[in-house]
Amino acid sequence: MFLNIFPIFLLFFLMLPLSLIFSWKTLRILLLAIPILGFLQILSMDLNTSYVINLMNLELQLVRFDKLTRVFGLIFCLAAFLGNLYAWHVKDKIQQVAAIMYSGSAIGAVFAGDFVTLFFFWEGTAIASVFLIWARRTPAAYHTGMRYLLIQIISGLILLMGTVLHYKYTGSIEFSKLELDSLASWLIFISFGIKCAFPFLHNWLQDSYPAATVTGTVILSAFTTKLAVYALARAFPGTEILIYIGAAMTLFPIFFAEIENDLRRVLAYSLNNQLGFMVVGIGIGTEMALNGTAAHAFAHILYKALLFMSVGAVLFRTGTSKASELGGLYRTMPITATFCLVGAASISAFPLFSGFVTKSLILDAVAYKHYQLIWFILIFASAGVLSHSGIKVPFFAFFSHDSGLRPKEAPFHMLMAMGLTSALCIIIGITPGLLYEYLPFEVSYKPYSTYHVINQLQLLCFAILSFIIIKWLNLLPQEIRSINIDFDIIYRKVIPDFFKHMLGKFEVIIKIISVVKLTLIEIIISLLDKFIGSDGRISRIWSTGNMVLWIAIVLSLILVLNYSTNI
Amino acid sequence: MNSPDIITSTKSFLDHLPVLQVLFPFAFAPLCVLFGHRKIALYITISACALAFVISLLLLRQVLIVGVVSYELGGWPPPVGIEYRVDFLNAFLLVLVSGMAFLTSIYLIGTMHAEIEEDKQTLFLTCFLLCISGLLGVLITGDAFNLFVFLEISSLSTYVMVAQGANKDKRALTAAFDYLVMGTIGATFFVIGIGFLYAATGTLNMYDIAERIREDLPNRTIQVAFAFILVGLGLKGALFPLHTWLPKAYSFSPTPTAVFLASTATKVAIYAIIRFLFSVFHSHPSMLESVLINIVMPLGILAMFAAGGIAFYQRDLKRMLAFSSVSQIGYILLGVSFMSTIGLTAAVVHLFNHGISKALLFVCTGIIFLSFGSSFYKNIKGLGRRMPWTSAAFLIGGLSLIGIPGTAGFISKWLLVQAAIEQGSWLIVAAILISSLIAILYVWQVTEIMYFAKSPSTETKEYLGPSSFLIVWILAFSTVFFGLNTSFTVEYSSKAANLLMNNFTMEK
Amino acid sequence: MKNKETNRSKNIYEWIENPRITRFLILGFIIICVGLFVSDFFYVRHPYFSIDKLFGFYGIYGFIMFTLIIFASKALRLLAMRTENFYGSKAVDSEEYPNEELDLEKKDVS
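Protein chains in written order, with my numbering: chain F, 387 to 953; chain R, 27 to 534; chain S, 17 to 126.
Chain F extracted, bound-state conformation (with noise of 0.2 Å):
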């Protein structure tokens, strides 16, 4: 009774406090300890409940379940065991608390019922995660921190005016389906899109991931996305511009992807692919589609942390992650390799694997509703997934030329991390049913029908027909030590070299006023000091005649307003 109503996720932040008290080893227990709770509490919760605590004037959702909060708050669950199972070695207090607060300010967005509630834990998702980038402590870090933080703050404060706006015009917060018809619901989409890493907002995905910890990343990959796909399929299901939208996203990442360099971003590319898939099934917003939007998360969100695992121990054991430094390490890291492939197999949707049985729900739904162009979209960013994640990556990092590199295997607990992943992938590839079973709605959908399979395998391997072509004429593209400029030279190059320049021309007025700016702050601080610092007038011990004085102001003034106005 108790534990169907406590929202067991405010757990997950008890960890700050028992950082403070317990050592790395003891935590680390905690962490694996906190997620399982929280799953199966989910699981055995009565669906449809609530609870609603009453903040002041503000009636407050902080529990709203039902089956859409379901899932997503099983998979969040799942993924922040595994993430924490992946980083069992960590002794960074840091990092530990960072990912258990950011795994449960992600179930409590998911568990909110209104805007208000959204809004803080949408802002600590954003606050806790960026830890798991500053964590790796270079100066690097920090600035790609900074970006990361700036933009998701950003969302954040335009989900809050979002919220105040739809406050005013309907008089309601609740957290609820909404019409792209005002301001209030554009801001609030606008704010999920950033966060869901729309084409032109998503470049703080790609810049980031790479950034965080080799265990970080793992944790990263799993929520805020998917938080926005939640989001997005709570507030937003059957708004057609999310068609165009999310096949958009299926889109540009594949060719990013294909010429990246560092592996870890050829993820974050196909990781912003995979939810454009998610997206498409939210503006299609039949049961069908949304349902396949929920599936394709919950695998997506397995499969994208075993491939992040995967790279995560390679860098773990290398120190690098990129593609033009590594290969051929397959000799001594087979187990890592093989769980590789099976991500590898996941995210291509070969049919016994987990991408299968939840991609072709979206694309069913695409087809019924006879959007032809888009279904051909997609089928394009499938073979797309397979060039990138399905081939790229474990061929550059695993196999390809030997790079003469021969790193230990992986740990035994990312090895364990890694295998359950890779368990729970073919587990839902082979019996999709215990996975269409806590989708919101009904499921009566057979993936496993003779055409399915065909069509699927036919794809998948032309497209393998076409790499091994390919390869063998020498023509694929080389892996090159570089980067690759994205839309965000806009905002990391051109604004600011642009503002660079224009101060140039005005260097002396600049020069003026920091001077100004600086003796200012002298100023103040001088006086700050001289009444409130530590022997200043206010602050330094009184005499009592000083005291008694004061009492004797204090009163005349009394004395004299209560006459001035009364009389």
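Simulated from the structure, these hints should not be mistaken for laboratory data. Bear in mind that the values here come from a model prediction, so they are computed numbers and not experimental data.
Dumping the calculated DSSO-like pairs for lysine-lysine here, alpha-carbon to alpha-carbon at most 30 Å: (1) Lys-106/S with Lys-903/F; (2) Lys-477/F with Lys-106/S; (3) Lys-903/F with Lys-891/F; (4) Lys-90/S with Lys-857/F; (5) Lys-453/F with Lys-755/F; (6) Lys-123/S with Lys-477/F; (7) Lys-477/F with Lys-404/R; (8) Lys-404/R with Lys-194/R; (9) Lys-69/S with Lys-755/F; (10) Lys-407/R with Lys-479/F; (11) Lys-832/F with Lys-453/F; (12) Lys-916/F with Lys-196/R; (13) Lys-479/F with Lys-106/S; (14) Lys-477/F with Lys-480/R; (15) Lys-407/R with Lys-411/F; (16) Lys-903/F with Lys-879/F; (17) Lys-755/F with Lys-563/F; (18) Lys-453/F with Lys-563/F; (19) Lys-916/F with Lys-407/R; (20) Lys-106/S with Lys-879/F; (21) Lys-122/S with Lys-477/F; (22) Lys-411/F with Lys-123/S; (23) Lys-879/F with Lys-90/S; (24) Lys-794/F with Lys-122/S; (25) Lys-857/F with Lys-794/F; (26) Lys-123/S with Lys-794/F; (27) Lys-480/R with Lys-194/R; (28) Lys-411/F with Lys-479/F; (29) Lys-404/R with Lys-479/F; (30) Lys-106/S with Lys-891/F; (31) Lys-69/S with Lys-832/F; (32) Lys-404/R with Lys-916/F; (33) Lys-479/F with Lys-122/S; (34) Lys-480/R with Lys-411/F; (35) Lys-122/S with Lys-411/F; (36) Lys-480/R with Lys-479/F; (37) Lys-407/R with Lys-477/F; (38) Lys-411/F with Lys-794/F.
Chain F is already provided as a structure; the job is to place chains R and S on it using the hints.
Just chains R and S, lined up with the frame of chain F:
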């Protein structure tokens, strides 16, 4: 639990609750001296506090059932006799004060022998009990002069309790002396004010005074009485800039004294201010309004900033906390000065929440002080590793001072912001938020020293008897609990505020 | 015992280094592809639109699109590729991953 049978069967006992509330600590105080043994005295103290706490809870329940409980002392009906009058406001604060007294008495188990000279312990406990009964009396009485008497009982015993710090630091004596001078001036002002009121109305019962001055136009006598009472009580309540006795008194007194004073003494004085403003002088709304808006509100805001800034400059935990108290009192007075239901609710809730948080902080500081012999910043570097439990609890208290969501401090600040929004004064909203930033600064400073500075040694050195540990975590838990569950605090405070504001708006 | 295990696990992918086996596997794969292509005769197809009614549509589409992706990205590379320290010290691309976080253990066998 609520069966009416019990109430009727023990009617006589329940009827006498108001007087028993004061009587228990008051009567147990001489017992301490009579037995003369410090161990026995300690247990007497604890049991008296426990009894007072239980009674306060019973009273609260009674208030919930019957509304206002009025008790005629000695069977003399008011206005001739002294009336004890319990409504939501003082029932709620009685729980705070007696609860804090109880916790402090338990805290004394583990710390008294280290803080106070052995031969003075019995007397210290006697004063402690007297102080409690005085504070409870101030809260419960409905008679203006009786209030003065209780205020003096509590103040006089407080001076003694502060002076006991001389055991560790001789400056406690001057602190106590300054406090005595200021406190006496305050009490004198207060009694002068009451004298004027008596001259104007011929009665000392507060509700009677309120009735009688309603008929009058505001005349000079009442205005002067009002000014004297406000300044007198403002002195006791450390209204900025009349706070100057407070930092010294808090930082040089023994920590149990500081714990108890910080969580209750100023709160009770502020209660008295609220009581006089809204239950006595409410019949002169224009006078009230002009003073509150032109004097109390600016002073409150000034306190928030100036005292907060000073707290940032301090290099000693105790002094930092003392100045932070002054700044927090600013918040409370700001809430009062809004003259709205939400504002008053915020003030009353903050009385409660700040009481708990500050008690927590001072208890932690006391433990740190006993472990290291000092609470200077330079001596507590790396404390997070050496005293993890205490530091964690301290941090919780600090977060509550800032007003981080999930702690008690957030609730009251949130209410305060709401009250300011209701008034439409966005400047004040900004002031509250900016002064919270100052609180972040001074709390962060301590956190940084505790957790990020390198400590000279890394061994764990936690002076934490079971009783202190219990108190620390009871307080830490309640700080978080009242931050999450507002049903108790906000409900009672808003009822109290409603009652007070009803008087006020009716007059208007 | 541990050595044995690593030795055994090493064998999983040993075939890759044997050109005969790889050639054989590729041949097998091509046969599978042809088989999949031809299999379009033998099952009831469920085309959604008019184009995917075409015989062997999925195979052809997959092949062409994959090729297209590779060449399109090569074209994109001409446009977008920059050196690693294009963004200077404010991006992680130009720096090494800090070693404290890692466990750079080499395998003992050469």
